[in-house]
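Engineer: Generate the whole structure from the sequences, applying the supplied hints.
Residue numbers (full-length UniProt numbering), protein chains in the order written: chain A, 1 to 68; chain B, 1 to 68; chain C, 1 to 68; chain D, 1 to 68; chain E, 1 to 68; chain F, 1 to 68.
Misleading hints may appear alongside valid ones.
Same chains, same names: a pair is fine if it fits in one copy or spans any two.
Stated by the list, open to error - In silico lysine-lysine, PhoX-like type, Cα no more than 25 angstroms apart, as pairs:
no., residue 1, residue 2
1, K17, K53
2, K18, K2
3, K17, K2
4, K30, K2
5, K53, K14
6, K53, K18
7, K2, K53
8, K53, K30
9, K30, K18
10, K14, K30
No lab work stands behind these hints, which were simulated from the structure alone. The model shown is predicted, which means the values in this text are computed figures rather than measured ones.
6 protein chains.
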Amino acid sequence: MKLSARNVLEGTVKEIKKGATTAHVLIDVKGITITASITNESVDELGLHVGGKAKAIIKSSEVIVGVD
Amino acid sequence: MKLSARNVLEGTVKEIKKGATTAHVLIDVKGITITASITNESVDELGLHVGGKAKAIIKSSEVIVGVD
Amino acid sequence: MKLSARNVLEGTVKEIKKGATTAHVLIDVKGITITASITNESVDELGLHVGGKAKAIIKSSEVIVGVD
Amino acid sequence: MKLSARNVLEGTVKEIKKGATTAHVLIDVKGITITASITNESVDELGLHVGGKAKAIIKSSEVIVGVD
Amino acid sequence: MKLSARNVLEGTVKEIKKGATTAHVLIDVKGITITASITNESVDELGLHVGGKAKAIIKSSEVIVGVD
Amino acid sequence: MKLSARNVLEGTVKEIKKGATTAHVLIDVKGITITASITNESVDELGLHVGGKAKAIIKSSEVIVGVD
Chain A
1 MKLSARNVLE GTVKEIKKGA TTAHVLIDVK GITITASITN ESVDELGLHV
51 GGKAKAIIKS SEVIVGVD
Chain B
1 MKLSARNVLE GTVKEIKKGA TTAHVLIDVK GITITASITN ESVDELGLHV
51 GGKAKAIIKS SEVIVGVD
Chain C
1 MKLSARNVLE GTVKEIKKGA TTAHVLIDVK GITITASITN ESVDELGLHV
51 GGKAKAIIKS SEVIVGVD
Chain D
1 MKLSARNVLE GTVKEIKKGA TTAHVLIDVK GITITASITN ESVDELGLHV
51 GGKAKAIIKS SEVIVGVD
Chain E
1 MKLSARNVLE GTVKEIKKGA TTAHVLIDVK GITITASITN ESVDELGLHV
51 GGKAKAIIKS SEVIVGVD
Chain F
1 MKLSARNVLE GTVKEIKKGA TTAHVLIDVK GITITASITN ESVDELGLHV
51 GGKAKAIIKS SEVIVGVD
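Structural biologist: Written out as structure tokens, the structure reads:
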């Protein structure tokens with residue numbers, strides 16, 4: 001599937017922290033860590049596990065730009 | 001300023017495409033290109049220019065995870 | 001590709017309205033029209049056209065619930 | 001109240017799963033299930049209950065388009 | 001209509017800037033200016049005009065917290 | 001740091017409710033309460049505490065406009 005989202009970053013799952021309904025998934029993308037908050041169900045349905053491949057997908061309209 | 005957003009990625013502005021009210025800013029972060037859609041006004045106020053430093057800021061709740 | 005987004009709605013492109021940098025794409029999903037604002041580039045790269053198949057993908061954290 | 005959000009989908013609450021602070025609410029819209037992640041407080045304040053009417057509200061800028 | 005969004009801020013339209021497809025609407029809420037990017041169509045359909053009443057609606061999951 | 005986000009609202013932390021992984025932070029901005037859902041980790045890392053200064057940061061593309 002191709003996506004309209006401008007940012008589709010391929011990486012490897014580094015850590016998964018499950019909460020009551022929401023999980024935080026850390027994905028390593030070429031040395032950059034991207035954190036995603038997704039449902040626990042999604043973690044299970046996608047079969048996410050540490051060391052597995054995963055993509056971090058981000059719409060460009062969700063990105064804020066900062067300058068020091 | 002420190003931010004609650006889990007993803008604050010430091011990089012360099014690679015390209016700026018202004019539209020009627022919205023601009024697309026491409027930021028190079030260690031070889032990964034992050035695209036942000038922001039207002040034209042923000043581009044001006046932040047003084048964004050190709051080659052300048054910039055951060056791409058993304059809340060973890062905005063990130064979707066994909067698996068092939 | 002499987003996605004963590006809880007809402008992946010399959011439909012047919014009904015209308016595409018391109019702006020300066022942003023396009024509005026209307027997708028018919030079983031009689032419901034979903035409007036997506038995406039970049040003009042995405043419209044081109046995905047080869048979107050009226051009558052073509054497309055999915056509307058929405059993270060559950062982006063959905064607001066309303067009650068009359 | 002009229003909303004700027006392009007997507008206001010009327011349906012019926014199908015299921016409510018409360019977590020520690022966040023709840024997942026499934027709304028049936030003409031046979032399509034839309035999942036919303038909202039605060040537990042919102043569930044209570046809106047008086048959401050299975051079988052009750054509810055609207056799923058989604059800004060067009062939050063919708064990603066996918067093509068197989 | 002009651003909304004799950006935690007932030008429903010009542011104010012007055014201060015300025016409307018229409019672009020090709022996207023408009024920026026500035027709403028004055030007790031002396032604070034909130035800027036919303038919405039479709040031009042929404043501006044027309046809601047009958048937004050400078051001096052008119054309007055609400056700025058923001059899901060709590062969209063808010064980033066910053067500390068100096 | 002300057003941000004592209006059009007809405008950067010300075011206020012004071014009024015209440016912090018921690019859940020399993022997600023916290024709700026209420027910020028008082030000139031008498032208006034803004035609720036943010038952020039990770040528990042962010043609450044700790046930012047050193048957020050009731051009575052402390054904090055900014056609520058919101059991209060204009062995340063704001064929905066409503067009219068009665």
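Engineer: All hints are to be evaluated individually against the structure, with a verdict given for each.
Structural biologist: How the hints compare with the structure:
| no. | hint | verdict |
| --- | --- | --- |
| 1 | K17 x K53 | within (17 angstroms within a copy, 29 angstroms between copies) |
| 2 | K18 x K2 | between (28 angstroms within a copy, 20 angstroms between copies) |
| 3 | K17 x K2 | between (28 angstroms within a copy, 20 angstroms between copies) |
| 4 | K30 x K2 | both (21 angstroms within a copy, 22 angstroms between copies) |
| 5 | K53 x K14 | within (10 angstroms within a copy, 27 angstroms between copies) |
| 6 | K53 x K18 | within (18 angstroms within a copy, 30 angstroms between copies) |
| 7 | K2 x K53 | both (17 angstroms within a copy, 12 angstroms between copies) |
| 8 | K53 x K30 | both (12 angstroms within a copy, 20 angstroms between copies) |
| 9 | K30 x K18 | within (24 angstroms within a copy, 29 angstroms between copies) |
| 10 | K14 x K30 | both (12 angstroms within a copy, 18 angstroms between copies) |
Checked against the numbered hints listed earlier, the structure breaks none of them; every hint is satisfied.
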